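Student: One letter stands for each residue in the lines below.
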Amino acid sequence: GAVVSQHPSRVICKSGTSVKIECRSLDFQATTMFWYRQFPKQSLMLMATSNEGSKATYEQGVEKDKFLINHASLTLSTLTVTSAHPEDSSFYICSAPPGAYETEAFFGQGTRLTVV
Amino acid sequence: RKEVEQDPGPFNVPEGATVAFNCTYSNSASQSFFWYRQDCRKEPKLLMSVYSSGNEDGRFTAQLNRASQYISLLIRDSKLSDSATYLCVVNPRGNQFYFGTGTSLTVIP
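Chains A and B are the protein sequences, given in the same order.
In the numbering used here, each number is its position in the first sequence, counted from 1, plus 19.
In the numbering used here, each number is its position in the second sequence, counted from 1, plus 6.
Among these hints, one or two may not hold up.
To be verified - Partial list, derived from the structure: chain A residues whose beta carbon lies under 10 angstroms from chain B: (1) Val23; (2) His26; (3) Val30; (4) Phe126.
As the list claims (entries may be wrong) - No farther apart than 30 angstroms at their CA atoms in a straight line, the calculated lysine-lysine pairs in the DSS-like style are these: (5) Lys83(A) - Lys48(B); (6) Lys8(B) - Lys74(A); (7) Lys51(B) - Lys83(A); (8) Lys39(A) - Lys51(B); (9) Lys60(A) - Lys85(B); (10) Lys48(B) - Lys85(A); (11) Lys60(A) - Lys51(B); (12) Lys48(B) - Lys60(A); (13) Lys39(A) - Lys60(A); (14) Lys39(A) - Lys48(B); (15) Lys48(B) - Lys33(A); (16) Lys33(A) - Lys85(A); (17) Lys74(A) - Lys51(B); (18) Lys74(A) - Lys48(B); (19) Lys74(A) - Lys33(A); (20) Lys8(B) - Lys83(A).
Stated by the list, open to error - Some residues of chain B that are not near chain A, with every Cβ distance over 12 angstroms (derived): (21) Phe17; (22) Glu49; (23) Ser74.
These are computed hints drawn from the structure, not numbers from a lab.
Note that the coordinates shown come from a computational prediction; the quantities given were computed from them, not determined experimentally.
All residues carry an ideal CB built from backbone N, CA and C; glycine is no exception.
So that you can see chain B by itself, here it is in the shape it has in the complex (with noise of 0.2 angstroms):
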């Protein structure tokens, strides 16, 4: 079974849209998990860390179920600028971290 599981979409939703990704994890004690964001050909780059209480940025709102052991992504208001290719990324223990496969998103005017 792999370490993160997450679908790999693509969503196409039009602006303003709200959006939501999940993804789920394998190893019950992982202790870290964030949300990365990739644009085309770049490298990712941390869009935010999911804690246990669940955490907002702005449009963002990320969220931990330990105990189904998934997390999510909800974006608002979705724009034009929001498409990319959002990553899971579960660290289960001292610094290695797994990567899902990347869920596509496509924001269309």
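If we strip away everything but chain A, and leave its shape as in the complex, we get (with noise of 0.2 angstroms):
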């Protein structure tokens, strides 16, 4: 089946700092990819949705000046915390939907960012 790369699977930041996190589909185009977030003991929240060559889509309450997401090819997207706060330390993972044939979505290995 289809894989999504995403890395860095940890990162450690200092507050103020930026991360940028990838994710790569490898054997697939993914024209378009979702970004969520799980904090502890909860769900997970769909933050925004990146689309090819064209502006992604946020989650009402994400703030897309520091969530910055970038979707510059068919396989990779890119997610950047900017600015990062404590309250940024959180689980980030990306999901490509599923294809013509398939009808599961595959995820990313997960991002676990914590903000000291």
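Can you join these two chains into the complex? Each is in its own frame, and there are hints to help.
Tutor: See the structure below:
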């Protein structure tokens, strides 16, 4: 099946710095990629939908200037957390929707961000 | 109202027990339903899709009730390795997926 590769798997950064998370589709082209955030003991919450060649769509309450999404190619979507703060510490995960012959979504391995 | 509602648990059951999870969804036009399993600090992995007629995979049985807008997951003969969080996932339209809060299961020796 399709594989989505996400990295880094874990990152610790200082408050005020920016962190970039990459999500690659390895054997298929993903025109759309979903970015989720998961706080401890909570479910995955959709943050935004990245679209290749156009602007990302953000969910209500997600600051687009803080969470920059770029989908420059059909195999790469990036999420940059700008000026990170401790409250941004979370598990970030990307997901590619199913293709024409698949029914399940494919997830990256997730990135655990800790801002100190 | 949330798209998907799920009892977060936790469920603590002895080995060999049968346990059931339920999940309700708000969009009556939803087409696809899934149960995912998520281990601590890992990405969710598909456990099984849920079909209208119900489906079974070994010790796992999934049911869909469209009239009441809920889906269920039954695990028989629980194993220690079944300990995880089980996520109810609904695909109401297009490529969008909505997740329940997850139900935490711990199987005790």
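Student: Run every hint past the structure and note whether it holds.
Tutor: Hints versus structure:
{"no.": "1", "hint": "Val23", "result": "9 angstroms, holds"}
{"no.": "2", "hint": "His26", "result": "12 angstroms, violated"}
{"no.": "3", "hint": "Val30", "result": "14 angstroms, violated"}
{"no.": "4", "hint": "Phe126", "result": "4 angstroms, holds"}
{"no.": "5", "hint": "Lys83(A) - Lys48(B)", "result": "26 angstroms, holds"}
{"no.": "6", "hint": "Lys8(B) - Lys74(A)", "result": "26 angstroms, holds"}
{"no.": "7", "hint": "Lys51(B) - Lys83(A)", "result": "28 angstroms, holds"}
{"no.": "8", "hint": "Lys39(A) - Lys51(B)", "result": "24 angstroms, holds"}
{"no.": "9", "hint": "Lys60(A) - Lys85(B)", "result": "22 angstroms, holds"}
{"no.": "10", "hint": "Lys48(B) - Lys85(A)", "result": "25 angstroms, holds"}
{"no.": "11", "hint": "Lys60(A) - Lys51(B)", "result": "17 angstroms, holds"}
{"no.": "12", "hint": "Lys48(B) - Lys60(A)", "result": "13 angstroms, holds"}
{"no.": "13", "hint": "Lys39(A) - Lys60(A)", "result": "24 angstroms, holds"}
{"no.": "14", "hint": "Lys39(A) - Lys48(B)", "result": "19 angstroms, holds"}
{"no.": "15", "hint": "Lys48(B) - Lys33(A)", "result": "24 angstroms, holds"}
{"no.": "16", "hint": "Lys33(A) - Lys85(A)", "result": "16 angstroms, holds"}
{"no.": "17", "hint": "Lys74(A) - Lys51(B)", "result": "29 angstroms, holds"}
{"no.": "18", "hint": "Lys74(A) - Lys48(B)", "result": "29 angstroms, holds"}
{"no.": "19", "hint": "Lys74(A) - Lys33(A)", "result": "28 angstroms, holds"}
{"no.": "20", "hint": "Lys8(B) - Lys83(A)", "result": "23 angstroms, holds"}
{"no.": "21", "hint": "Phe17", "result": "14 angstroms, holds"}
{"no.": "22", "hint": "Glu49", "result": "4 angstroms, violated"}
{"no.": "23", "hint": "Ser74", "result": "22 angstroms, holds"}
Of the hints listed earlier, those the structure fails to meet are numbers 2, 3, 22, in rising order.
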